[in-house]
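Number of protein chains: 2
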Amino acid sequence: MTTADLLAGIEARRMPALARAISLVENGREGYEALLSSLHPRVGRAHRIGITGPPGAGKSTLAERLVQTYRAGGRTVAVVAVDPTSPFTGGALLGDRIRMESVALDPNVYIRSMATRGELGGVATTTREVCDVLDAFGFERILIETVGVGQSELTIAATADTAVLVLVPESGDGIQVLKAGVMEIADLYVINKADRPGADRLRTEIDVMLGIRRGNAFRHVAPHHRPTTPPPGKSVGEGAAPWEPPALAVSAVRNEGIDGLVAAIERHAEYLQRSGELSRRRRERLVRHTREVVDRGVRALVWEEGGGEAALRAGLERVAGGTVNPYKLAHEILAGVKKEMGNGHA
Amino acid sequence: MTTADLLAGIEARRMPALARAISLVENGREGYEALLSSLHPRVGRAHRIGITGPPGAGKSTLAERLVQTYRAGGRTVAVVAVDPTSPFTGGALLGDRIRMESVALDPNVYIRSMATRGELGGVATTTREVCDVLDAFGFERILIETVGVGQSELTIAATADTAVLVLVPESGDGIQVLKAGVMEIADLYVINKADRPGADRLRTEIDVMLGIRRGNAFRHVAPHHRPTTPPPGKSVGEGAAPWEPPALAVSAVRNEGIDGLVAAIERHAEYLQRSGELSRRRRERLVRHTREVVDRGVRALVWEEGGGEAALRAGLERVAGGTVNPYKLAHEILAGVKKEMGNGHA
Chain U
275 MTTADLLAGI
285 EARRMPALAR
295 AISLVENGRE
305 GYEALLSSLH
315 PRVGRAHRIG
325 ITGPPGAGKS
335 TLAERLVQTY
345 RAGGRTVAVV
355 AVDPTSPFTG
365 GALLGDRIRM
375 ESVALDPNVY
385 IRSMATRGEL
395 GGVATTTREV
405 CDVLDAFGFE
415 RILIETVGVG
425 QSELTIAATA
435 DTAVLVLVPE
445 SGDGIQVLKA
455 GVMEIADLYV
465 INKADRPGAD
475 RLRTEIDVML
485 GIRRGNAFRH
495 VAPHHRPTTP
505 PPGKSVGEGA
515 APWEPPALAV
525 SAVRNEGIDG
535 LVAAIERHAE
545 YLQRSGELSR
555 RRRERLVRHT
565 REVVDRGVRA
575 LVWEEGGGEA
585 ALRAGLERVA
595 GGTVNPYKLA
605 HEILAGVKKE
615 MGNGHA
Chain V
275 MTTADLLAGI
285 EARRMPALAR
295 AISLVENGRE
305 GYEALLSSLH
315 PRVGRAHRIG
325 ITGPPGAGKS
335 TLAERLVQTY
345 RAGGRTVAVV
355 AVDPTSPFTG
365 GALLGDRIRM
375 ESVALDPNVY
385 IRSMATRGEL
395 GGVATTTREV
405 CDVLDAFGFE
415 RILIETVGVG
425 QSELTIAATA
435 DTAVLVLVPE
445 SGDGIQVLKA
455 GVMEIADLYV
465 INKADRPGAD
475 RLRTEIDVML
485 GIRRGNAFRH
495 VAPHHRPTTP
505 PPGKSVGEGA
515 APWEPPALAV
525 SAVRNEGIDG
535 LVAAIERHAE
545 YLQRSGELSR
555 RRRERLVRHT
565 REVVDRGVRA
575 LVWEEGGGEA
585 ALRAGLERVA
595 GGTVNPYKLA
605 HEILAGVKKE
615 MGNGHA
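Protein chains in written order, with my numbering: chain U, 275 to 620; chain V, 275 to 620.
If you are wondering where the hints come from, they were derived from the structure by calculation, not from laboratory data.
Any given hint could be a false lead.
If we take Cβ atoms under 8 Å as the criterion, some of the chain V residues that face chain U in the derived model are [what the hints assert, rightly or not]: (1) ARG555; (2) ARG557; (3) HIS563; (4) THR564; (5) PRO600; (6) ILE607.
Between beta-carbon pairs, the in silico distance windows are [stated by the list, open to error]: (7) U:ASP474 - V:ASP469: 23 to 33 Å; (8) V:GLY595 - U:ARG319: 17 to 27 Å; (9) U:GLY302 - V:ARG556: 25 to 35 Å; (10) U:GLU304 - V:GLN547: 57 to 67 Å; (11) V:MET275 - U:GLU579: 33 to 43 Å; (12) U:ASP469 - V:GLU544: 47 to 57 Å; (13) V:ALA594 - U:ASP481: 29 to 39 Å; (14) V:GLY472 - U:VAL527: 14 to 24 Å; (15) U:ALA574 - V:ALA594: 24 to 34 Å; (16) U:ALA594 - V:ARG349: 25 to 35 Å.
Every residue gets a Cβ at the ideal spot worked out from N, C-alpha and C, and that includes glycine.
Could you build all of it, start to finish, from the sequences and the hints given here?
Structure, rendered in structure tokens:
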């Protein structure tokens, strides 16, 4: 299938074309950047929702409930689950098959697991590009579910329009969750399994954290941008007030509180639109994305076209033997790449 | 202080020189690669121990106990705690000060918190280089404690000689922990807070996982490398058998089981040495490190020297305005960088 065929297939909303386009992008096969470049004008209509939280927080079940609710409202939904690649199994331990059985057969739901490729350092970039394909295809809501609560996962969550952090009463001490650095990126907090002991304590901890955050946030805002009165607790996203991340108690398993969560996500989407925050965020992401595409291109240039891989292999024995160190070898490789480029070979 | 002064200071084991050298490396200031290059011959004597686990698993307390035990045995120890940089506070929420009070005043203990710089993508590289400085200084044991259980944290843990995964009974369902992909990188499992309910279940889950892992591992081993009989459960690291990661029950708070953990870490160090695994791993890491130093150099070349930053800023309006897309702009920037290099300006 050529890029033109894929494009035509996506415009005609054909599922096999979508699946092929995503595979092309995910594996970085020839023509993937040309495809993304052609799809670019169609990108930007979907609302992207990142779902992050510690293992065991019930993110998958919550995502399934969100899909059900969106479908009941007539929305099309895609789910991208970013799973870690295991060095042993060579892929995700849980595949698509045992996920989301209740919605898997709905033709207006598309579910895709991505195995992350840690070495390439481009997981967030690839996730974003897969979402771009789904967006161009016409899905109205895209859920991006990450596994784990580390730096890479934060970077992935930051590609979404709305970041939802899922916590459970047994997530551990509040201060420990704070340490993980995930608290501050969220636009919405979900206390899942809210019927379990410790839910009240978790809410208090989130409130304390949000108080700290608000204090800090204001400190960095120019005086004329500060609201004259502190925004009242209930006026979520109203008027000129900044967005105040709400903390919502739900039980994904019991299907309680999901409508409220969907409503809060929609309110956040409206806030993003109205406040100009959506264009600001998307612009920022375009910059970051362009930067990453350049870095990826440069890496290909250096290692594949510029002879870097061969030079590394050749120099390796000397590094292992101690006659040269990694910094000197890197310097040699860089000099070689520059010379190659100067000769017009790369 | 010149690089020569820093080198002399490190050779004389002067603390102020160490602190300055680490700051130089951590912030990537001028001369840091020259310093690391000069220190390279002195690197490789320390045993590096990575400590990973979910928030709330008690990693800091465990690290403190390990430091106490190493000190009681007359070893010098350094601790590198990699904390996430918060976009709000601009740094780690918990500083060095409230950490490890019991050992902080010991001149043979060095504790350093590193704020990670997610954007630069080089957290693991920088962590490794900070450890290289500590290694060159002469610390015998280096503990690398990470926060969170994501991909970046795994990459950091992979720079250690021995990876310790700390779990607690309340870490969540076993399958969820498996999903986080951290289980399989560990050389040692620690069940912390082992007196709490659920510890037995956690041990069973680890055993099941290790059984799966072993099965898979053997599948990828050439027939003549396979042990003729399955290695018995107790013969950890003995003879020609592959290393079988033990699962150790401890209570860091109650100071129980720590001696056993230290002994297991030492057994793993001996196994690495005896089996040739240590040189294999270190060689692999040298390759990866050289690759990263080249990538970092290329990024500096493209964005700072090659005019990429200016070209990105200039092209941004067109991307925002929709007259060019990120892929086309990236292509333009790359072409410009290549031309610059060809002209001998970079």
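The hints, checked one at a time:
no.: 1; hint: ARG555; result: violated, 12 Å
no.: 2; hint: ARG557; result: holds, 6 Å
no.: 3; hint: HIS563; result: holds, 5 Å
no.: 4; hint: THR564; result: holds, 4 Å
no.: 5; hint: PRO600; result: holds, 4 Å
no.: 6; hint: ILE607; result: holds, 5 Å
no.: 7; hint: U:ASP474 - V:ASP469: 23 to 33 Å; result: holds, 26 Å
no.: 8; hint: V:GLY595 - U:ARG319: 17 to 27 Å; result: holds, 18 Å
no.: 9; hint: U:GLY302 - V:ARG556: 25 to 35 Å; result: holds, 30 Å
no.: 10; hint: U:GLU304 - V:GLN547: 57 to 67 Å; result: violated, 45 Å
no.: 11; hint: V:MET275 - U:GLU579: 33 to 43 Å; result: holds, 41 Å
no.: 12; hint: U:ASP469 - V:GLU544: 47 to 57 Å; result: holds, 50 Å
no.: 13; hint: V:ALA594 - U:ASP481: 29 to 39 Å; result: holds, 37 Å
no.: 14; hint: V:GLY472 - U:VAL527: 14 to 24 Å; result: holds, 19 Å
no.: 15; hint: U:ALA574 - V:ALA594: 24 to 34 Å; result: holds, 26 Å
no.: 16; hint: U:ALA594 - V:ARG349: 25 to 35 Å; result: holds, 28 Å
Comparing the model with each earlier hint shows violations of hints 1 and 10; every other hint is respected.
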